[in-house]
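Visitor: These are the residues of each chain, in order.
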Amino acid sequence: MVHPTSSDTVPTHPVQPAPRLSMRARSALWVWSFLAIPVLFYCVIRFYPTFNAFWLSLTDWDLMSEAEFIGFENYRRMFADPNFWQTFRNTFEYLIYGTPISLLIAFIIAYYLDKVRFAHNFLRALYFLPYITTAAAMAWVWRWFYQPPPTGLINGALGELGFGQIEFLGSTTNALPSIMVTAIWAGLGFQIIIFMAGLRAIPDTYYEAARIDGLGDWAILRKITLPLLKPTTVFLVVFISIAFLRIFDQVYNMTTNDPGGPLGTTKPLVLMIYETAFSSYDMGYAAAQTVVLFTILLVVSLLQLWILRDRA
Amino acid sequence: MTSATETPGLAMPRINPKAIVRWTILFIGGVLMVTPLLYMFSTSLKTPGQIYDLRLIPAEPTIANYLEVLREGDFMRWFINSSIVAVVVTLSNLFFDSLVGYTLAKFQFRGRRFIFIAILSTLMIPTEMLVIPWYLMSAQFGWLDTYWGIMFPGMTTAFGTFLMKQFFETVPDDFLEAARIDGMNEFTIWWKIAMPLVTPALSALAIFTFLGNWTAFFWPLIVTTSKELYTLPIGLTSFAVEQAIRWEMIMTGAALATIPTLVIFLVLQRFIVRGVMLAGLKG
Chain A
0 MVHPTSSDTV
10 PTHPVQPAPR
20 LSMRARSALW
30 VWSFLAIPVL
40 FYCVIRFYPT
50 FNAFWLSLTD
60 WDLMSEAEFI
70 GFENYRRMFA
80 DPNFWQTFRN
90 TFEYLIYGTP
100 ISLLIAFIIA
110 YYLDKVRFAH
120 NFLRALYFLP
130 YITTAAAMAW
140 VWRWFYQPPP
150 TGLINGALGE
160 LGFGQIEFLG
170 STTNALPSIM
180 VTAIWAGLGF
190 QIIIFMAGLR
200 AIPDTYYEAA
210 RIDGLGDWAI
220 LRKITLPLLK
230 PTTVFLVVFI
240 SIAFLRIFDQ
250 VYNMTTNDPG
260 GPLGTTKPLV
270 LMIYETAFSS
280 YDMGYAAAQT
290 VVLFTILLVV
300 SLLQLWILRD
310 RA
Chain B
0 MTSATETPGL
10 AMPRINPKAI
20 VRWTILFIGG
30 VLMVTPLLYM
40 FSTSLKTPGQ
50 IYDLRLIPAE
60 PTIANYLEVL
70 REGDFMRWFI
80 NSSIVAVVVT
90 LSNLFFDSLV
100 GYTLAKFQFR
110 GRRFIFIAIL
120 STLMIPTEML
130 VIPWYLMSAQ
140 FGWLDTYWGI
150 MFPGMTTAFG
160 TFLMKQFFET
170 VPDDFLEAAR
180 IDGMNEFTIW
190 WKIAMPLVTP
200 ALSALAIFTF
210 LGNWTAFFWP
220 LIVTTSKELY
230 TLPIGLTSFA
240 VEQAIRWEMI
250 MTGAALATIP
260 TLVIFLVLQR
270 FIVRGVMLAG
280 LKG
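These protein sequence lines are chains A and B, in that order.
For the first sequence, numbering that gives the first Met the number 0 begins at 0 and goes up steadily by one.
For the second sequence, numbering that gives the first Met the number 0 begins at 0 and goes up steadily by one.
Read the hints as simulated data drawn from the structure, not as lab findings.
Be a bit skeptical, because a hint or two may be false.
Stated by the list, open to error - For lysine-lysine, the following DSS-like pairs were computed, each having C-alpha atoms within a straight-line distance of at most 30 Å: (1) B:K191 / B:K105; (2) A:K114 / B:K17; (3) A:K229 / B:K17.
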């Protein structure tokens, strides 16, 4: 179907009419010549690797010897592996705390920023700036903030103010929240902009009608703004959730001396995948882990579709 | 959003105390947001002895760190690598995403729906699942540690294709039909007639693709092994690990990695914010 006709009828000069080719056939020829390279790309770079990943997850392969088919052994091994369950828990900890905190802060800032006219663009730029920075670079800045005294900025400031010192990245309980704060900070700018776009899309007449009915700010927020903002909110919940499920850059850069440490308490799934595949070269096992990640992300995305359909 | 009872929009002439409080709190919040950036730059201008000093303005600012980092690290090389990768991938996406988006939006043909759904379905597949097959593929074809190896996974994306399709659907068919009657071929119609009508979408796509590739970390970390091929984020990480606890050097490296995007942002702020809004709502 890609090249439906013999090449001698191909209209190389468009002005020249190609008599034996109908309009339909000519249009199809254009369509498939436009699509040929992208379709090939999707087959080789997207679809084949997807199936390949599923297949690899059923094999035992260290790159040296031949891949050996072992059925669901990798999955059995994974579900019996306490390290896997720890990274699984860590990943959901990023998600469960990170998503609502991000969403709430982003909404509050967007809600008030939307009402500000004086130096609006300037304020917006301040909030948006972190979003366009490189996560790897900013992870090092935050890592430095979190250092123990005398170098760490936060502990230095706490000391000046007469408070006690806090161990951030070295502590098994504080390290994950510290990294999460960095990730939340990095994502806020985008979420604020999206919320503001959503707020702008609500017609003014709704607010005017509500005022006439004597509703106060709080009632308007609850009865008009939030319900009408639902599609934006659902989109952002899914977007942020996926970002936290795939968290890697910050963790990798903030724990280079002990990746995912201390004691694996900050290690997310993607870091485990990275280590299994590219430090241990246990390709089959790593592929099985990616299939689990894929399944989780799929469930989250389908949930979004389901919620939005439910509404319409 | 302005109303009769409260006039935030018109607060300039008649000063409203509530609005001042709101503005001040938002301003403090905004300053907190950029504090990491401010301290990064401030520390990059300090001498090693001054970094314990918490003051934002360096007592004796110096560019010695920058000179040393540029001498020791391969930052110029990494900057060039990142630029090549980001620019080529962006151009490729502008071309292919809009070509496919246009074809799906403006042509009726057998298999259209199938292709659209097939492309859209790839949005569900996370990069993390593809990197292992990509890595094996790259090893087999000799793409490891090459520019092409860094770039090939992103040459066209479902997100960009979907975005462009949405926008091409708003282009009136009459325009295209008129060009057809004038005897233009389909490629010229797309390039000369349709493309100029979707420039806001193109600039949004360009910004997203460029920033995404400029800051990309996971795949470049996997596919590059030699320092000469590192992109800026990977180079910075390796540099920072080497420097261990010389924080003024690490902050200087981080600043060098951040400055290009800051410059782009300051120049194109309007387009970037609008682009994010466009892509976020339509994409």
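Visitor: Which numbered hints turn out to be false for this structure?
Guide: Violated hints: none; all satisfied.
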